[in-house]
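Combine the two chains into a complex, taking the hints into account.
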Amino acid sequence: MNNHDQAQRFYILGGALSVLPLLVAVQILRIQLSPNWIKPILEALPNWPYEQHEVITPRGLIYDRNGALLAGNKIVYEVGIELQYDRNPEVIAQMLSAMLDVDYMDVYAAASKEYVSGKSVYALIKQNVPQEQAEKLKNLIAQMEEQAEKSKSKNPPRLTGVVLYPRLARAYPENTLAANILGYVTLQGQGVFGVEEKYNDILAGQPRYVVDPLNPLNVGERESVPRGVSLILSIDALVQLEVERILDKALRQSGADSGTIVVYIPKTGEILAMASVPRIDPNRYWDYEDIIKGKAPFNRAIGATYEPGSVYKPITMAIAFEIGAVNLETIFTDTGVFSYKHNTVYNWNRGAWGPQSMQGCLQHSLNVCLAWVAVQIGNEEFYRGMQAFGIGRLTGVDLAGEMQGRLKMPGDSDWIDGELVLNAFGQGVSVTPLQIAVAISALANDGKIMVPHVVRAVIGDGYQRNIEPELAGMPISAETARLMSELLARSLEKESSDALVTGYRVAGKTGTAEIPTPTGYTSNETNASFVGWVPVDDPQFLVYIWLEKPKTSPWGSIVAAPVFREVVEKLVVLLNIPPDAIRMKLSQ
Amino acid sequence: MINEKTMEHHERMPPSYHPAPWRRQWQVIGLIGAVLVFVALVILIYMTVTARTASVGRQIQKMQAFIEAADRRIEDLRSTLGQLYSVQAMEKRAFALGYQYYEVDQAIYLRLPGYYAADDAILAPLGRVEVVPARSLPPEYTESVITWLQRTLTRLFAEIWGSQP
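Chains A and B, in that order, are what the protein sequence lines are.
First residue of the first sequence: 1, per our numbering; consecutive thereafter.
First residue of the second sequence: 1, per our numbering; consecutive thereafter.
Derived by calculation from the structure, the hints in this document are not laboratory data.
Do not rely on the hints blindly, as some may be mistaken.
To list a few chain A residues with every Cβ distance to chain B over 10 Å, as calculated [said to hold, decoys possible]:
| # | residue |
| --- | --- |
| 1 | Leu61 |
| 2 | Gln127 |
| 3 | Tyr463 |
| 4 | Glu569 |
Stretches of chain B that chain A covers, calculated by requiring three or more beta carbons in the stretch to come under 8 Å of a beta carbon on chain A [claimed, not checked]:
| # | segment |
| --- | --- |
| 5 | 19-33 |
| 6 | 59-70 |
| 7 | 81-91 |
| 8 | 94-100 |
| 9 | 114-123 |
All C-beta atoms in this analysis are idealised placements derived from N, C-alpha and C, irrespective of residue type, glycine included.
Bound-form chain B, shown alone (with noise of 0.2 Å):
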């Protein structure tokens, strides 16, 4: 029988066997290989990530030129329409192709059922539909803990008393 003391006794024996030097030799050398496997791998995957990162925003920037560039070439473009289109060039164009201004006293006018003279110009849509902006967030998301402070006790003040206090 082993009664509670023998029992006691036995629990705090050290251990009557060490493992052998090179084994725990290689148990330290597997750690620190783990360690800097698991820091390679940390820093391949930031390289890796800051890389396409870099390069995406290289990409961006270069698609930010690309749009200054386009914007200026249809401001360009839309002169050189412009310019064919000018009253000048259409003018000597449709002198041209045979055609010239009627004098008044040529006109002749005739009831067209169904016309409509062109209206002027209208080179957008009209008026604007005017939208409310919807708050996203609630106030409590964007304001200061004193602004939150003060607004809810005017509120709870004006609840309680019906006044501001």
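This is chain A alone, in the form it adopts within the complex (with noise of 0.2 Å):
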């Protein structure tokens, strides 16, 4: 072999070896060049020997305000047949309807299943077995097993097929604490009702799917998917305790139909405890159609809608105190009656009252006084005014079920002229437990009403944020919301009411009305409630109490004000407020 011929063969070897990476070199071009060619391979990725598999996270948790655990997840098991098995029906479906209280003749359908490769290849038994039943129901079918191993007989009973997949379904420790605050969250994971159904995508969590490799020579690092967001709440469990303990007695001696208490801090727009009843044991929401009857709503508080009544006086006093329609020496001369356009308000006794100051209308709560200030304010002001303290509207609170309530309004088909002597005095309109709270809390608040809110922070990616209080609105002058104030705590005070609390000065407003039917107002049933807030000078909280159909006394000023005292005397102690005395006395 000559020189030139090792050159000619070096030629073609180097030729030959260059065309490799001259078509690695193409291909990259051509890749890069139209991106649309990769497409048809990662669409054929699905039928490679990949599993995909929807990653279901844990659900976020539900804390109170103080760090108590009010929703979690617990492990609980789906019980199944894999059909591929060679199976005893007889015996799987003795043994399971036995075990887990299930029919034995769907068992027996279920296990009887014939096996078809890529559509009939599993049988659901039944979800949400608990872990100790579960457990039993593992060693049981070990039990079976080593028996049949040991057994001489040619078909020995076994539970061959039967399968056990644990699962993360939502917790409640608290059982039916705040029940109607938090909703449920059903099996499939869907949060219903409340703060569970209005958060339900954030603390659900974003669904992932999941490439696994079936064949453990590709098998890599998963990609981490992350949990659901957890949620703080405004919420007090402690306080949520008492003031339910405390609704329940109310009830109880009462005889009221049902009842809602709502705790809110005006200054922040939190919701500190809202209780209703009836509420259900979210761990157990499948009893919700035992307890909740009919269309009920899940939380009164939101969900009902009602006339209020005289609780509603003092809104229609602050819009006239606002624009200056009345002052503190205006004087009424009540007669017992006011006629205006096409109706006529009488007293809640029917009595002629005299001539009474805009402290004393409140104190007596005069119909006919609240009617003839509502004329004064005049139809524009007034409706401005309703709508300004958020009344026929949503409040905007982050609880899935929210009703909006009523107010016609001059214009609306149903309106009629004149009506807004009647809406003064709270009949002809509709509001929801929390919309009156809320309005009335720009009383105890300078004038300003905040976004009601049970979530004070979100914790997610490690790190909480806080949700700051926001402003709604400021339907009047701070200078109008303590003149209010001090007239409500004042009237309270000269009725002696049964809602004062010894050591604290409290302002409120009590109220009864009468119940709307087809065919006119009921005499004899009432809706009772009852609305203040503590400390007068420096408000901490507000209560609203609202009990549906008392039947001991239809009035808000004996069933609905003792309530709100006791609520009181139980919330100062718990959240630390001292007397007004020694808080004075310690500020200085």
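As structure tokens, then:
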């Protein structure tokens, strides 16, 4: 071989070796210039030996304002039958129906199903099986399998094919506590009512699909899937517990059909407690229909609308003071009846109360006086004021299922001219308990209304973000608010109301509203209510109480006012609010 | 003297001997044996690596299953703990220990220097430090040729004429 031949061979080898990188370069360019070329490969991916499945991350936790767990997750099992195994339907049906409390025939039918590859491979028997029950079943399966191995019988009884898959289900450690606020989560992971529904998307997290290779050679690190966001509520579990107990007691004592208590912080818009009856145990949400009958709302505080009655009067009076329609010197002579356009108004006792100051009107809760005040305000200012207080509008609370209520406005087809004299004392207008609490809170917060909310912080990505209070509006000035607060405090004091609390100055108003029916207002059934706040000079919380159709007495001053006192007496202790005199002394 | 022609002729002469046939056979057998050993080595290495990879893959799958089970257990235990610390359970325990609620008229308020009431729950670091994601690779490594060309030309045009084409 001469040099020429050798060189030629090297050229051939070099050329052959160059082809491969050249092909690689061409392919790279081809992919770069036409990315669509890769699409068929990506589309074909699922058919490759990979398994794609949805990753269900733990649902975010819910805490109260002090960090007590209100909603967590627990392990439950799904029991089913893998149909590819050689099964014994009789044994499976007999054992599972006895252990899981399921119908024998249903299990037998499921266990007898024929296996069809890719179509009929699995039969579900029961979901949400508690851990203890699942452990017993696991032991039974193992025990029967062991006995079958030892048995000389040709077809020994065994539970081949029965499988248990662990899952996470919602758990509520406090059981019924704050159930109306929390809502519940179905087995499918869908939040229903309350916080669970309102924040379902972030609590549940984004569902992710993860591709797991079936070939162990291709297994790699799995993409981490973040869990759902956790929430810290403004609710205080201990306050909520006490408020629920007081409400339950009030219902027993008054014989009321149902009731609601809202404890609200006017300065921040935080809801400290919100009790509503009836309430379910969200751990057993399937009992819902047995407890909350018919179309009754899940949370009456936001889902039930009603005519509020006299607790509405402070709003009318506040508008009148704000626009200067009345002042502290204004005297109204009450003749016991007031007619305006198509409406005639009487006082609650049908009596005439003679000359009254505006404080007297509030103190004696005179419908006639308030009707006159509304006329002094005039249609335009009256309804504009009501809207500014948020009447007839959603409060925007972060709970699912809020109702709007109704404020008929001039121009509406069913509005009658002169209706404002009824609206003035809370008739002909429908509100939710939270709506009225939020509206009245303007009087306790220097005229400002904050957006009500139950979520005070969100925890996600390892960080806590606190939610700042948000101003919803300012329907009246701080001066009017303080004036109204003072008038209402004096009214209670002069009446020696049952709402008064020793050592603490409170402001508030009772309400007794007749219930509208298709044939007019009922006289024997009422909505009794009370709204008040404490301490008057620096309101820490506002309490709204609504008892529906009390039997012992129809009057708010008799059935609702003592409940307010009881709530305040409990809360000042739990919240460490000293009596006014001591507070003044300590602050010096 | 050997002239150039004689030299050339000598170079073109075939060798005057051949290796013994048995030697050739041994050479071929040896060569084939060497190839077989090489192939066997490659197969052995491949199979060892593959088996170890598969084994590690199975371990990873097991660990993933373990992590999932552990996560579920943690969630479950957290709820159990929540139940043990629930306000109703704590109240029962307090009563059992002889405690009772004090009424509003029983409260005595004192000024305690240095005492601060417990804050509301802070269960995670507050806020979030915003970290601007730093690019680990220059864009040339992640963009297509067309995007790169477009970007480069845009930049060039901007540099030359002070505006985009």
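Hint check:
1. Leu61: Not fine: 7 Å to the nearest Cβ puts leucine 61 of chain A too close to chain B.
2. Gln127: Answer for glutamine 127 of chain A: holds, closest chain B Cβ roughly 16 Å.
3. Tyr463: Label violated. Min Cβ-Cβ 4 Å, cutoff 10 Å.
4. Glu569: Not fine: 4 Å to the nearest Cβ puts glutamate 569 of chain A too close to chain B.
5. 19-33: violated (count 0)
6. 59-70: That given contact holds, which follows from 4 residues of the segment 59-70 of chain B lying within Cβ reach (below 8 Å) of chain A.
7. 81-91: holds (count 8)
8. 94-100: violated (count 0)
9. 114-123: holds (count 6)
Going through the hint list in order, the structure does not satisfy hints 1, 3, 4, 5 and 8.
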